[in-house]
Amino acid sequence: MKITVRLFGRYKDITGKDQIKLDISAGNTLRDVVDTFVKQYPATEKDKSRMMVSKNKMYASFDTTIIESDEITLSPPVVSGG
Amino acid sequence: MTEDRYRRQTIVKEFGQKGQEMLAKKHVIVIGGGGLGSNSANLLVRMGIGSIDIVDNDTLDITNLHRTSLFTQEDLGKSKAFVLQEKLRTINTEVRVRGINQKVTKENIESLVKNADVIVDGTDSMSLRFIINEVSIKYNIPWVYAGVYETVGMVMGILPKKTPCLQCISQNIPESTSGEIPVLGSLPAIIASIQCTETIKLLLGKPLAGLLIYDVWNQCFDTMGIKRNLHCTICGIKKL
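Those sequence lines, one after another, are chains A and B. Residue numbers for the first sequence follow the numbering used here, beginning at 528 and rising by one. Residue numbers for the second sequence follow the numbering used here, beginning at -3 and rising by one.
Any given hint could be a false lead.
[What the hints assert, rightly or not] Listed below are the simulated DSSO-like cross-link pairs for lysine-lysine, each with C-alpha atoms no more than 27 Å apart in a straight line:
1. A:Lys584 / B:Lys234
2. A:Lys584 / B:Lys197
3. B:Lys74 / B:Lys99
4. B:Lys99 / A:Lys582
5. B:Lys202 / A:Lys584
6. B:Lys157 / B:Lys202
[As the list claims (entries may be wrong)] Quick list of simulated restraints, FRET-style, between CB atoms:
7. A:Lys575 / B:Lys110: 55 to 63 Å
8. B:Ile233 / A:Asp550: 45 to 53 Å
9. A:Asp550 / B:Lys9: 45 to 53 Å
10. A:Glu595 / B:Lys110: 32 to 40 Å
11. A:Arg577 / B:Lys157: 22 to 30 Å
None of these hints come from the bench; they were simulated from the model. We put the CB at the ideal spot given by N, CA and C, even for glycine.
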């Protein structure tokens, strides 16, 4: 399935786009979206386990299932420094 | 209230004289007096908050100076909370400023925040942020999360049971990693400025912006409109 993903923060710089289409051929979860994104853009690898992923404007766990029409966003992990 | 002091601010239509008068009646607590907390406290005092507590049990060291504005080399080794109290009182004598040299814990947080209209996050600990989040929801006290890392900062105002809480957005966030957190010196002042503005909007009952992400190196600013997680274990109405 082809998923449209909106990007935030430095992911826009890494990809040069604010929205991309990902071909999620294996699986139907947000984890598959993250895996596919990281594979295509290895510069995001260090964020892989902590990436913030939302589905239809709600942050969701990696195990959440998706369908083609879902609105998916990826943003860098919440930052902790003060 | 000295009218001249805020004249340039009260003519801002979004804020106005009414906003100034409301602000003068509000109390905030800033938890953490480092890069974010000191800069946010500085702005809130200059803008005319009624009263402010700054809680931090750390002393100032040389690694704090690159990202803070009020501290000087002469302050090294002194309590951050007390130095801020002393300096902020000289900036605006109309504001009641209190520095509290204390570690914030799950045990004492309720007594510290109970009179606050808003809690301002200046900590560098994710575990403490989750404690703030929990007490905020429990006592219906809004708070403003802010964090910085390398060149990226994030801010989110949280209005309990109305907007997403930290837990709503944090399902994949691990505890803070140990070791020094890298932060570009120019970042905290900007993020604190955004945090201060969201704090004032909360105090004046204005709508919040959502989750704000700013990358100071790439000059890239994003606002994410997000929804509450109705199954959130802290603020959800359909808790799992």
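For the pair supplied as a hint, A:Lys584 and B:Lys234, confirm whether the alpha-carbon distance does not exceed 27 Å.
holds, 18 Å
Restraint check for B:Lys157 with B:Lys202, where alpha carbons must lie at most 27 Å apart:
holds, 16 Å
A range of 45 to 53 Å was offered for this pair. Does it hold for the Cβ distance of B:Ile233 and A:Asp550?
violated, 37 Å
Given the hint of 22 to 30 Å, check if A:Arg577 and B:Lys157 actually sit that far apart at their C-beta atoms.
holds, 26 Å
Are the Cα positions of A:Lys584 and B:Lys197 separated by 27 Å at most?
holds, 23 Å
Taking the beta carbons of A:Glu595 and B:Lys110, is their distance inside 32 to 40 Å?
violated, 49 Å
Verdict for A:Asp550, B:Lys9 (Cβ pair) under range 45 to 53 Å
With Cβ atoms ~49 Å apart, the hint holds.
What's the verdict on B:Lys74 and B:Lys99, does the C-alpha distance respect the 27 Å limit or exceed it?
Status holds; Cα separation ~15 Å.
Given the hint of 55 to 63 Å, check if A:Lys575 and B:Lys110 actually sit that far apart at their C-beta atoms.
violated, 41 Å
Within 27 Å, alpha carbon to alpha carbon, are B:Lys202 and A:Lys584?
Holds: B:Lys202 and A:Lys584 sit about 21 Å apart, inside 27 Å.
Does A:Lys582 sit within 27 Å of B:Lys99, going by the straight-line distance between their CA atoms?
Violated: B:Lys99 and A:Lys582 sit about 37 Å apart, past 27 Å.
Hints 4, 7, 8 and 10 from the earlier list are contradicted by this structure; the remaining hints agree with it.
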